[in-house]
Amino acid sequence: MAYVYRGSGYLSNAVQGTGTAPYLFTSGGYSGSTTELGADGIGTRILADGGTIESTYSPCVTNALGKLRAIVSLDLNVNALFASAISDGAIIEAKQCFYNSYTELQNIDIL
Amino acid sequence: MASAYDKASLVMLPNAYKDGKVYSVKPEDRSGDFTFTRSTAATRVNAAGNIEKETGNLLLQSNQFDTTWTNARSSEASGQSGYDGTSDAWLLQSTVSAISSYLKQNISNSGVYTMSVYAKAGTSDWMSLNTAGSQFAFFDLANGVLGSKSSNVVDSGIESIGNGWHRCSATLVGNNDFYIFIANGNNNSITNSGDNIYIQDAQLEQSLVARDYIETTTSAVYGGITDNVPRLDYSNGATCPSLLLEPQRTNFINFSEYYGQYSSTRSTITDNYGISPDGSQNAAAVFNTNDNGRHNFGGNYFAVTSGTSYVNSVFAKAGTITKMKLKLFSGGGSPIGFNDGDFDLTNGTATGTGAGIESYGNGWYRCYVVDSPTSSVSNTRFNLELLNASGGVSYVGSVTDYIEIFGSQVEQGSYPTSYIPTYGSSVSRVADDTNALNYDGNFNSITAFVHIKGDALLRDTTAANIMISATASQDSSIRIYRSSGSEDRRLSVIVRNLSASNNISYQATTDEVKFAVRYDSTTGNWELFENGVSVRTNTNNNYNEFKVFRLKGESGTVELNQMVVFPTALTDSECIALTTI
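Keeping their order, the protein sequence lines are chains A and B. Numbered according to my numbering, the first sequence spans residues 1 to 111. Numbered according to my numbering, the second sequence spans residues 1001 to 1581.
No lab work stands behind these hints: they were computed from the structure. It cannot be assumed that every hint is accurate.
Said to hold, decoys possible - Covered by chain A, per the in silico footprint, the following chain B stretches (three or more residues, Cβ under 8 Å):
1. 1018 to 1026
2. 1331 to 1340
3. 1570 to 1577
A quick note: this is a predicted structure, and the numbers were derived from the prediction, not measured. Note that CB positions come from ideal geometry on N, CA and C, so glycine has one too.
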């Protein structure tokens, strides 16, 4: 299953994914080339951070970004459900176990 | 149509906690979180499968050596490059020639302690850790080699951290002050002005080994499973945790890990020999001697009462010896009417009335015997006997033959509870308790679903482990606890109305069980589902709205995996879907 993770350094806001080009956005791209700002304004954020965006004007990149939006991230989901607990100092363990139980409850229909 | 998660008002699965709190994932405004109390430390089996304990650093200003610490013919300078890449190390330097120089902190404790500090050679290659009680251990910082230690030091250790740094430790019984000496050789604490070493992060802890460093300032700091920390337990190889709720227990063994101070017969003890179930190198080895006869060791003196149930337990791992016997008898060697247990540490089998064995991984087993002595004695001793390959007690031994042991425990009760470490005196672990959660989820009608575990034949009293009620009273309540029935003692569900009459009374048929208790306030209909099957029904509407939730270990041990509460009476098929295992 594909997953998403964040870049590092000045690309810390960038999103990469398995099964796609290793770097959708790199510092060594062609300055002035045709670019696309990307999903959720990621390109804007990279440019504002001083980064250079390699050409992303191609269907494969657009499609890849579209797919990334639908990818489920265990960490993101569990952390979102416990957002207020985490800000209260909660320690979260066994995220996969929690998510399995949570999914079971989500899959039981109640009238 | 909505999901069970969406329809539930209170969902506690559990996987989120902090000191004094167990979090529910619903409601999201945190009004369904449980406060949690247990005024003592405890242990759990963590996700890595290791027994996790309380940790701590009893020193003050553990890396602020110019405060609280006292110089004797020495000075210190901060801002030095440390073992951890910081500039938090200190240069400790002698200021007078031809005499010893040191840094010390006054502190007094009894029992087993380990003192440790990170150190690196300066102009001097050696250091020693001392107490005021003539206990000392020398360390060769240039070569990372242990020097000599006094005979009253249980163990010493030196671990290379890199870049010339080492973590040096000394374990001893009774601690009176913490000294760091600059040294110029093994057993040579005489230094000259300007001689120096680097030091960082000192720690003093109740343990046979140095554990992860904890920084302190003006008071001691404790970590791990300390007071009021809920326990998510992964015992028996579980991949998902349960909230562990245990009753109060006391370990009567004074030194549960330091075996070197017990009396041996045709056997010798090597402390800190192997990796124990807590993941540290603090398991002891019991070696045989070459003599002919019985090979055993034991000690401690504690009182037992005739007719009262006790559990005698120890963690053990086969070495070249694979069988052992666990016993209790009086200090004079007389029987007290408590059964022996024989254990095969290769096959994981126990023999003897009341004897049991549980795997803890990596070849370790917890071996135990449950019995009631027929005599009341004030000087009971535990005893562990090494058996030969055929299970015989008297034979010619070999000095190379051994088993490993760890964590002796004798507790009053009818089943073993989680390990209670002791380092010089008996220790009590009090009961786990969430206290009463007052949560108004409009539970006039209700469906309460719980997924819980508990072994059969384990019961202490009939108080409630889990209670959902209108007030703190058991009247108008749903209770789950261990049954007082004598045929078996699995978890039971009792639903009691405002007139103190039980409308549901049911004992589980399995050790791991999913219950759903359903009440429709408009009809007064009650129904209990167990593991996907309706097992009890009744009609009675003499109940008030359910608003109080409490989870505790008072009546015995319960492991809670899930609790989900709905403000409606779910349908049969919904209850079956929830409870099907």
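How the hints compare with the structure:
no.	hint	verdict
1	1018 to 1026	holds (count 4)
2	1331 to 1340	violated (count 0)
3	1570 to 1577	holds (count 4)
In the structure shown, a violation is registered for the earlier hint numbered 2 alone.
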